[in-house]
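Participant: Go by the hints and put chains B, C and D onto chain A.
There are 4 protein chains.
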Amino acid sequence: MIKELEKVELSNPVLIEGLPGLGLVGKIAIRHLVRQLKAQKFAYIYSPHFPYFVLVSKKGNVRLLRGTFYFWKNRNGKSDLILFTGDSQAQTIEGQYEISDYILKFAKQHDVKMIITIGGYRMEAKEKPKVIAAATNRDLLNKTLKTGAEISPTGSPIVGTAGLILGLSHFKRIDALCLLGETRGYLPDPKSARSVLEVLQSLLDFNANLAGLDEEIAKADKMVTRLQKIEEKRALEAEETRKEEDKKVTYIS
Amino acid sequence: MIKELEKVELSNPVLIEGLPGLGLVGKIAIRHLVRQLKAQKFAYIYSPHFPYFVLVSKKGNVRLLRGTFYFWKNRNGKSDLILFTGDSQAQTIEGQYEISDYILKFAKQHDVKMIITIGGYRMEAKEKPKVIAAATNRDLLNKTLKTGAEISPTGSPIVGTAGLILGLSHFKRIDALCLLGETRGYLPDPKSARSVLEVLQSLLDFNANLAGLDEEIAKADKMVTRLQKIEEKRALEAEETRKEEDKKVTYIS
Amino acid sequence: MIKELEKVELSNPVLIEGLPGLGLVGKIAIRHLVRQLKAQKFAYIYSPHFPYFVLVSKKGNVRLLRGTFYFWKNRNGKSDLILFTGDSQAQTIEGQYEISDYILKFAKQHDVKMIITIGGYRMEAKEKPKVIAAATNRDLLNKTLKTGAEISPTGSPIVGTAGLILGLSHFKRIDALCLLGETRGYLPDPKSARSVLEVLQSLLDFNANLAGLDEEIAKADKMVTRLQKIEEKRALEAEETRKEEDKKVTYIS
Amino acid sequence: MIKELEKVELSNPVLIEGLPGLGLVGKIAIRHLVRQLKAQKFAYIYSPHFPYFVLVSKKGNVRLLRGTFYFWKNRNGKSDLILFTGDSQAQTIEGQYEISDYILKFAKQHDVKMIITIGGYRMEAKEKPKVIAAATNRDLLNKTLKTGAEISPTGSPIVGTAGLILGLSHFKRIDALCLLGETRGYLPDPKSARSVLEVLQSLLDFNANLAGLDEEIAKADKMVTRLQKIEEKRALEAEETRKEEDKKVTYIS
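For the record, the sequence lines run as chains A, B, C and D. The first sequence begins at 423 in the numbering used here and counts up one residue at a time. The second sequence begins at 423 in the numbering used here and counts up one residue at a time. The third sequence begins at 423 in the numbering used here and counts up one residue at a time. The fourth sequence begins at 423 in the numbering used here and counts up one residue at a time.
For reference, chain A alone in the conformation it holds in the complex:
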């Protein structure tokens, strides 16, 4: 299930997880960190609970759906990072629990003391998306709230791997924090990922050049504008049609 490509010694590592989900916030955030920090692959997770297809990768090669662990050595003596993302969430309830459990086992083996999971929070954001936080440890949560994140409302559910890891981390005695970026959720949302990364950077004290996300944000904004125009036009036409029909009816009655 887990295939390690390389044995790596890490110093006081923090694991950050972000699988595809609402607005792809988690996946975009991790992908950006991997690129900016030039993190290196060192393990894969495979599972029969991922969807049953393979992807054609570059040059006609083929690969199973999987999750990938990357590591990054922090030269400034602070915590090293383990970054985790993948192609897909597990497709069954049992699979969701199983994958979360595998990630936690892997973390335990590498002596991880803290896990941070990233996801999206369905909410129309005003200008700058907020970051909502929940944690298994009071001090960790308080520290996070000082970076500008807001506390998650009581009773709010956190769906999928980002949530289950927090729920299960207790059994492995690993502290865990969940950061959710506000997002409408139906389109990739790099702006929300940027908000989450800002909180992450304040917390963990590393620099991942978030300006690198701005181009992606501009593209996503254009896409939203385009879709809004299409929608407005459609609404206008529907209105026209309605008026035409009203007119006909008025003639009659």
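Just so you know, these hints were derived from the structure itself, not from any lab. Check the hints yourself; a few may be wrong.
No copy labels: a pair is met if it fits in one copy or bridges any two.
Claimed, not checked - As a list, the in silico EDC-like pairs of lysine to aspartate or glutamate whose alpha-carbon atoms are at most 16 angstroms apart:
1. Lys-429 - Glu-572
2. Lys-548 - Asp-561
3. Lys-530 - Asp-597
4. Lys-481 - Glu-572
5. Lys-480 - Glu-572
6. Lys-480 - Asp-561
7. Lys-425 - Glu-654
8. Lys-550 - Asp-636
9. Lys-500 - Glu-662
10. Lys-500 - Asp-627
11. Lys-565 - Asp-627
As the structure is a prediction and not an experimental result, all values here were calculated from the model.
Facilitator: Relative to the frame of chain A, chains B, C and D by itself:
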């Protein structure tokens, strides 16, 4: 799967189960008992068959979905109580059987001789909801009918954990009784839970101050009234629209 | 999974299976045999692949969904019978294979040399429903065709336990025959069950007083007639409405 | 799960897989090879993940759904062939992984060094359907592209057993190639299968008389033409109806 928080010695305990279901009757009843009797948590059930999300609890903390066992020491020398409720029913067929089996095993370990399960029965109640009873033991059923409960019609199904526990209790040689409160089922129904608790109190001879439920009942009644008004208004408008359209058509033909 | 109530010595037994399915043909046939022959329960199958509810049985008692084996001692020295029916088919693919496998194991333990499965075949029957046969053994099939059954068309699927038992019987070296009665399938069809029982009686040479089914057939016929009248009335009204609307339109154009 | 009918010694065998899928391309291709090469059955795969029905085969006999392995001895001293096809894909995610795994294990046991999987690729083909290729090995892919196949676009998914075998082959150290024939996918498409077989023949250097497929292709073409005419007629009538309605409306307003 089952995590015991505390070893507890109980005297001749009766286990009462109420998970979320129709009208939330079971969950409301158990929650009320826990509060009124000041029962104490002593074990959790976790399962990969519960839905794959976690809940944010008070102060931004997070927890897995779970079932919780509480105990209450009966000072009057009668049976102690074990109370069980939780966040959710299991989401798969196998999960339903598994959870029921875990509850029964736990009961057996604590030398429980009788289990009572609580649920809702879909039926428009006249004024005061009736309580429908079924049991694995004739004497137990007769005793229950004397408290004002009515016998369940033959062939009627009892869905979910409340039913399966009765079906499976036979294999553990534990007597089991199911109490279903009449409810429309689509809204939380504390009035139905109150009816069930009255039967329970007569049976087991304890006092859980049911008046404490009256405020909740008043709130639920208001909610029903409000929804009925909305529905009436909607029906009226639909009728108006229909008349308008009829008029137009009449002009034509 | 299998609970034997009684150890029984059977002589050269044939097992006949009929679970609920199209037109309930299999279940009606077995139920009639059990009643007429006064066959006796001797084992249950329980499974977490049956639906997750229990049934209230007579006098407020409760039971799990299950399959039941009955036996009948044939005084005339011919084969004894094991009859199997139940509340429900398994609800999952794996469950379907598992239940069929359990039935075959049970048959093997009791030294069964032949299994006959009963089901429905979706086909508007002319007057008297035909019986369609398929078998794992050529001689058995030919013998069956001589009793008036017809051979199943090549490529035709047999869904559920009635089919899987035939497919899996090969691995247990037990001959198996499937008898499907023509039925529209959406209502209980005792007439189709009667046709199947006639073939069964010729094959196995016992007498189960099929006249006992005639009352049930008369009831089912009445039900069909009533539903047809409702349908005709509905069609007529739809036609009227259509004409009315046509008239309006004609006025206009 | 796997039942071997015969022990066979094969020389340097290549396994070619084609289960039912888009346009039945894989199944038609394998079926044609089996017939033309007079390949012989030597093993079955059974699984509780196949659909839960059986098929009536010739003469009223019955069989489980299954996959079948055939072998063909290549007299010209080149690679022998193992051909695999079946009645159905597995119906669950886990089943898909399991079946692919079984095929790979079987291949490993028979010392297969290369597997070729066949499927359909949803694309309106111009005249002659193209063949899209992906592979786990660069040389193998290049060799395939020289026979006229085209490289699969990056990021494109390959669904089902044809894809998973490539994804999983890595763990068994077997090279694997996937050939997908362009097809609209909703009807059996022997023309697409022919294109794939041409690539296969160039690659493996055997002769399977593809002209034998032409009759089947003609039939499929006729079917397509007939369906197109039905569709055109339907579209025309819809247009007529629309015009009639427009006329009516024009009179009114």
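Participant: Evaluate each hint against the coordinates.
Facilitator: Outcome of the hint check:
{"no.": "1", "hint": "Lys-429 - Glu-572", "result": "neither (38 angstroms within a copy, 38 angstroms between copies)"}
{"no.": "2", "hint": "Lys-548 - Asp-561", "result": "neither (29 angstroms within a copy, 53 angstroms between copies)"}
{"no.": "3", "hint": "Lys-530 - Asp-597", "result": "within (11 angstroms within a copy, 35 angstroms between copies)"}
{"no.": "4", "hint": "Lys-481 - Glu-572", "result": "between (45 angstroms within a copy, 11 angstroms between copies)"}
{"no.": "5", "hint": "Lys-480 - Glu-572", "result": "between (41 angstroms within a copy, 14 angstroms between copies)"}
{"no.": "6", "hint": "Lys-480 - Asp-561", "result": "between (45 angstroms within a copy, 15 angstroms between copies)"}
{"no.": "7", "hint": "Lys-425 - Glu-654", "result": "neither (49 angstroms within a copy, 55 angstroms between copies)"}
{"no.": "8", "hint": "Lys-550 - Asp-636", "result": "within (13 angstroms within a copy, 45 angstroms between copies)"}
{"no.": "9", "hint": "Lys-500 - Glu-662", "result": "neither (62 angstroms within a copy, 71 angstroms between copies)"}
{"no.": "10", "hint": "Lys-500 - Asp-627", "result": "within (8 angstroms within a copy, 61 angstroms between copies)"}
{"no.": "11", "hint": "Lys-565 - Asp-627", "result": "within (13 angstroms within a copy, 51 angstroms between copies)"}
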